[in-house]
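Protein chains: 2
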Amino acid sequence: MKKLQAGIIGFGTVGTGVYKVLQSHKEIEIKKIAVKNINKKRNIENIDTSLLTDNAFDIVNNPDIDVVIEVAGGVNPAFELLTTAINNGKHIVTANKELLAKRGNELFQLAKEKNVIILYEAAVAGGIPIIMPIKTILCANKISKIAAILNGTTNYILTKMHEQNLSYETALKQAQELGYAETDPTGDVEGFDAAYKIAVLSTISFNKKVSIDKIYREGITKITAHDIKAAEDLGYRIKLIALGQVLDDGSIDVRVHPMLVAKKHLLAKVNNATNSIMLKGYPVGELVLTGPGAGAEPTASSVVGDLLVLASELETSDKPLPQSICHHTEIANQIDIGDTYNEYYIAINASNNPGVIGLIGTVCGNNNINISTIMQKGINEDNTAEIVVITELSKESDVQNALKDLLKSEKIKNIDNLLRVMN
Amino acid sequence: MKKLQAGIIGFGTVGTGVYKVLQSHKEIEIKKIAVKNINKKRNIENIDTSLLTDNAFDIVNNPDIDVVIEVAGGVNPAFELLTTAINNGKHIVTANKELLAKRGNELFQLAKEKNVIILYEAAVAGGIPIIMPIKTILCANKISKIAAILNGTTNYILTKMHEQNLSYETALKQAQELGYAETDPTGDVEGFDAAYKIAVLSTISFNKKVSIDKIYREGITKITAHDIKAAEDLGYRIKLIALGQVLDDGSIDVRVHPMLVAKKHLLAKVNNATNSIMLKGYPVGELVLTGPGAGAEPTASSVVGDLLVLASELETSDKPLPQSICHHTEIANQIDIGDTYNEYYIAINASNNPGVIGLIGTVCGNNNINISTIMQKGINEDNTAEIVVITELSKESDVQNALKDLLKSEKIKNIDNLLRVMN
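Line by line, the protein sequences are chains A and B. Going by my numbering, 1361 is the number at position 196 of the first sequence; the sequence numbering is gapless. Going by my numbering, 1301 is the number at position 136 of the second sequence; the sequence numbering is gapless.
None of these hints come from the bench; they were simulated from the model.
You can't tell identical chains apart in this list, so a pair holds if it fits in one copy or across any two.
For lysine-lysine, the following DSS-like pairs were computed, each having C-alpha atoms within a straight-line distance of at most 25 angstroms: (1) 1185 <-> 1310; (2) 1373 <-> 1191; (3) 1185 <-> 1445; (4) 1394 <-> 1428; (5) 1434 <-> 1445; (6) 1168 <-> 1196; (7) 1168 <-> 1277; (8) 1542 <-> 1573; (9) 1310 <-> 1434.
Please take these sequences and the hints and turn them into a complete structure.
Structural data, given as structure tokens:
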């Protein structure tokens, strides 16, 4: 097999994981590693410090290097570094979902012009094989739907809320103490990370460029212990779901938000930091791929897998793999959240009054919403009642109108939450 | 993309599925289809009857054909047909697990000599992407264990036994009526089909030739409604598990038998005809891939996926893919079932006598077996008791000795079942 000379940009958890795994794969030789601080003490044995540089341009401009492994993350300076590398004829293996979601199309266009390959298995769902399978063995399929748990941090937090009846705040704090959540958890808990990943995954699944700016995104910060309890009672688990689907008219519905997932659904059974991807296509039917979505070792499995495939391909051919050409000229027609159809969970705080159920029923009916379940979940000390409604399939804009109408009544004190439901 | 000329051998469920799916993939042109009976009425529209032949050698000797799609099954005449095809320089896409398990090594050796590619994604787990991922994106991994549900028929039967408290005989009959089981169900219910598949999967996972003759195989025909009930009560589901694992000394343990799988395990949640593969490797950790294991369309997804990858590869190179070279020179050192270690479920019919529990405990202890649970499950009309034992990790030969010792006592009427346990 052709021996590839590689440079690593970024030497945090993933970068050191890749370095360690490459010690037993001598087809790939590490020539240079770009770090933020050369003098930092590192938890890695026998690292040759002469490999380290604090200038990543030493890598992307190095004529000896065939492939750049970018595991630093973020758009800047990664975009400039990778465009320089591509212009210099280097292949790219990256785990950078944010960069791919925001500027992937420019990178893939440039890679096509320069006849180099960009591989990025590690950018979505860590160690789970999904990008390469979609581009190779599943390529006979017309993929119509992806529903996935793509963020381990939020899945961990939601699992603990379910299992230990914790509030969101307490579960987040525990996740931070255990290293599952960062000090600033925004990227995870507000759904940005999952949105980048579903943007990348939807683009290759539907063969149309999905714009990150048009993805509806809602995090898990408003989920309460009350919602968790109600979901359990109704036979659901709350999960942060990244969804992408092709509608009958060819438009594309891509979004990230929490959902009540029926307990019998395989996605409801995926706990802690594990990721899972449900994919529906023709002719394959429904697949569910589950595994570790983050961490040094699983991510290194995907990065090194990409490197070994690259080495193997370059052994037999100098031309890039057709599978690696990811420039999608067609732009997806992404629909607005208001135009989506869902079943809904609505948590309502209302005055404890027999007319309230009738009011909710009437307002829903006036807005074309059929109710499938309505439950009073208890009386509060202030003599208000907690009411939970599950609707049949309804249009989001109708539901939003119904909530506005409900709040016009003095009997309705608050809409505590609105979540979508997956059966 | 290079247009490939293909011939199909076998035009049953899978063959017609492949034909239909290829109608929308014009990179592959069907030149010839070998059938058993040309005049048979077929449930397929607009088939060009001039494509049909009842002589499969018309395909393997046809100079216009680049790739032979073999979906007929069985060792003969498939082996002769495919060796002829390979000798004629044709690539092979096959779904034939029995052929690969029994004579794969000869085929791969010949393919290597003749510089052609054999792809066989459809041979294991139907539409689930597993063969190509192991050979490509997961190739950085040292795979140490596979535990899988690889036979849809038996999983369907066991699911119905659990859900509807059916006997094996009744569940089998229903499965036959619904087309999930064949009139002669032996290949499925005795574990032959699963054994072929785990032989293929273990060989590529562990990079050593696994011999089908050395795979311990036990089917589901002895599972009773009593076992199902006891398993449920203890928190398990009974599944036919195909297992392959590398032991610390490098020897390989490959077998197929029913197991009590803890309900929290993802494999316990895979129901009906669905297949699922749990794979453990370093660095990836644990993956679970779930999906349709059979049927015309899922199988066609894998066959046509192989064909499109082949077409794409031949576009950029005339040399075969390194990933497709599956000739394993090293022979796996497969251990005997007697040398394996497992937790066990033992169902015992004994006289209803207070000394019985003590007897069982003593005999187990004398044979190095620690009991973790012992339960009396009820008294029969003949004043015998049904006793269920769950052991800690024990050596199979010790357990077999203990069962012999137990049967020496008049108090023990029968060993109703011995099953292994997966927690």
